[in-house]
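Quick mapping for you: the protein sequence lines, in order, are chains P and E. Mapping of the first sequence onto the numbering used here: position 140 corresponds to residue 140, and the numbering continues sequentially without gaps. Mapping of the second sequence onto the numbering used here: position 13 corresponds to residue 1013, and the numbering continues sequentially without gaps.
These aren't lab readings, by the way, just hints derived from the structure by calculation. Take these hints with a grain of salt, some might be off.
[To be verified] Straight-line distance between alpha carbons at most 25 Å, and here's what the computed SDA-like set of lysine to any residue pairs gives:
| # | chain 1 | residue 1 | chain 2 | residue 2 |
| --- | --- | --- | --- | --- |
| 1 | E | 1231 | P | 317 |
| 2 | E | 1228 | P | 146 |
| 3 | P | 326 | E | 1264 |
| 4 | E | 1172 | P | 161 |
| 5 | P | 117 | P | 11 |
| 6 | P | 329 | E | 1229 |
| 7 | E | 1059 | E | 1225 |
| 8 | E | 1172 | E | 1267 |
| 9 | P | 117 | E | 1238 |
| 10 | P | 272 | P | 146 |
| 11 | E | 1349 | E | 1054 |
| 12 | E | 1054 | E | 1143 |
| 13 | E | 1172 | E | 1264 |
| 14 | P | 117 | E | 1225 |
| 15 | P | 117 | E | 1227 |
| 16 | P | 329 | P | 208 |
| 17 | P | 4 | P | 215 |
| 18 | P | 326 | E | 1119 |
| 19 | P | 272 | P | 80 |
| 20 | E | 1054 | E | 1236 |
| 21 | P | 117 | E | 1033 |
| 22 | P | 142 | E | 1324 |
| 23 | P | 80 | P | 11 |
| 24 | P | 320 | E | 1237 |
| 25 | P | 117 | E | 1190 |
| 26 | E | 1108 | E | 1132 |
| 27 | E | 1349 | P | 114 |
| 28 | P | 326 | E | 1273 |
| 29 | P | 329 | E | 1033 |
| 30 | E | 1319 | E | 1351 |
| 31 | P | 272 | E | 1227 |
| 32 | E | 1108 | E | 1119 |
| 33 | P | 117 | E | 1334 |
| 34 | E | 1231 | E | 1143 |
| 35 | E | 1172 | P | 117 |
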Amino acid sequence: MLKKIIKTNEFFVAMILIVLCLFIGILNPVFFTLQNLFDLCRSATVMGIFAMGALIVIISGGVDVSFTAIAISAMYITVKILLALNFTGTVVVAIALSALIGLIMGLINAAIIAFFKIPTLIATLGTQSLFQGFLLFFIGSKYINNVPDGMLRFARTNLVTTTTSSGAITGLQAGILILIGVAIIVWFILRFTMIGRGIYAIGGSREAAERAGFNVVAIQFFIYGLVGILAGIGGAVFGSHYKQANPFDLVGTELNTIAAVVLGGALITGGKGTVFGAILGVSLVVVINNSLVLIGVPSEWQKVVLGIILIIGAGIPAYKNMMAEKRLKANLSE
Amino acid sequence: MTNQANNIQKTTGPSSNDKFSLEKFFKIQDWNLLRLFIITVALFILMSVLMPEKFPTLKNFRSMGFQLSEIGIMGIAIAITMITGGIDLSINATANLTGIIACIILNKFAGPDVANPQVGLAMVLAITVGVIVGALCGLLNGFLVSYVTIPAILATLGTMTLFTGFAFVITKGTGFFGIEAFQFIGNGEVAGIPMPLIIFAVIAIIMAIVMNNSAFGLRLYLVGSNAKASKFSGINNRAVLMRTYMLSGILAALAGLVILGRTNSANPDYGTSYVTQALLIAVLGGVDVNGGYGKVAGLVLAVISLQILSTGLNMLLFKYSGANFFKMFSWGLLIILFMIINFLSYQRKQRVKKPKPA
């Protein structure tokens, strides 16, 4: 049992994460202050929500690079509508509206991918450009520096608060609850439902999944629709956290999220990946992006470190896989 | 412009000892190329009719010639990796890194003084080092893809982050300015023809010859269409992949040098949408995303048609502030529509091949 755990990718990533945290924490104790941990959680919330969507797509053997464009479009349109209506009610409406807009865009992705069998990377690169272009040309390209009241109140809602050394009060924002909820739902879908099995099956082999009786088109609609919803939710949380709607935000960061999911052990060729691993991957990327500064690594080196970790993280499983295949061949030829 | 396309198309067309007949020509040329040619001509006519005073002018052709080069070179760079069944997402990062390193060399050896006798030497050195940097970047990609067997999309995503990171480290996040003499490469003209266009044409012709008439080109297509078969027919797949990614890196570096010459500056995060555009060119140009197929002639036509579309839209929408955003929208639409058309025509072909059992 223990041996099995040690062999998993999640264990490996968790070890890297723990060692990195200890290393940073020993060099600079600020890392382990509550304030810093709250900041990390805040940064991880939006990426974590996106990562859940990216994870499902990657397990199904695809790549979706359009979710950031969906997120920013859904959020911007939502903010614009609610501000125009002078809506001051609960944030739930904002999140629901944003998720609905996300769902529509996700279904566009789904239709293109499922009906015309266009490779997912190319289809979503196309829709990324399409959605962002649509947003900026038809909806608006102006920066909005306030958000509806509900979103503001949501951003100010803290689960736990702490007083920093300078006397300011910071806290753990309630947004993290949304990430936890989303993660549990996705975990449940992947683990216990027929659709979840179907997602893994398509990722393993589309042909085999079809012959086994899975309705691949329906499952793909489910996948990309859900990714749209998650992107919409993530976008709304992002807008709340930063208290602004900038239509140029987010797009261009999608590869960071995908990198995090892959670091967490999801196979880019499909068929393998877990929610727990993806969360670990997101944590790792967030710690690298936010905390290397604490130990005196200049901010411009962050990308280099991230690149190296990504190459190593992708390289080790690929190398192990190749070696295993070689051994298998050697055994067969004996 | 269209002359250029015809010239290149001729070099990749049916060999000259065939007797030319229209029917034969269309049979040998694939339908994708013909369709693309019709799209290009149709777009050209459409824009010329919509703006008879502004669009079909020498001035406009020249300005289009300045613009299409860098993205065209990147399109070829990404396309050759796609033909082997992979992809190279790091082209733009490689181009930026090359531009920055070339910038440093130019400033160190020549400085701002145009009359400096070392200018020529500095330029040769900058170009040489730039190409070497591109080759090294490409070799790293090739190594990760062929020896470590990381899926190309993931490996080049990692190196993209890494190369951009190096660029940020070198510049500390800001941009560098080039020197005036180097601008000849990006803004100069020879006999009225824009220098970037000449560079692009030369690269396209060389690449067309490499892909169509060299042993390496043949191997590249074989690896892409069936890696196992090519391995058992004695081809060293790894060596082919190493060379392909190295070539892709070199092409990206050349694009970076053209950008440096045209904008006279180098930034670590310049042109982040170039990867999308390059991919669009590859897809429009008829490259099979599963590997094994793609022609340089198709890429050239794709670049030209895209440039006609962007320039035309810019002119049509010059009154609106968001012309660029509409361009983005239309690119996305185009990439999707074209893939759908390809899928439908492929399906029809399959149906013709396999008649329904009676």
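Subject >> Structure versus earlier hints - violations, ascending order >> reply: The structure conflicts with hints 2, 3, 4, 5, 7, 9, 10, 11, 12, 17, 18, 19, 20, 23, 25, 28, 29, 30 and 35, although it agrees with all the remaining ones.
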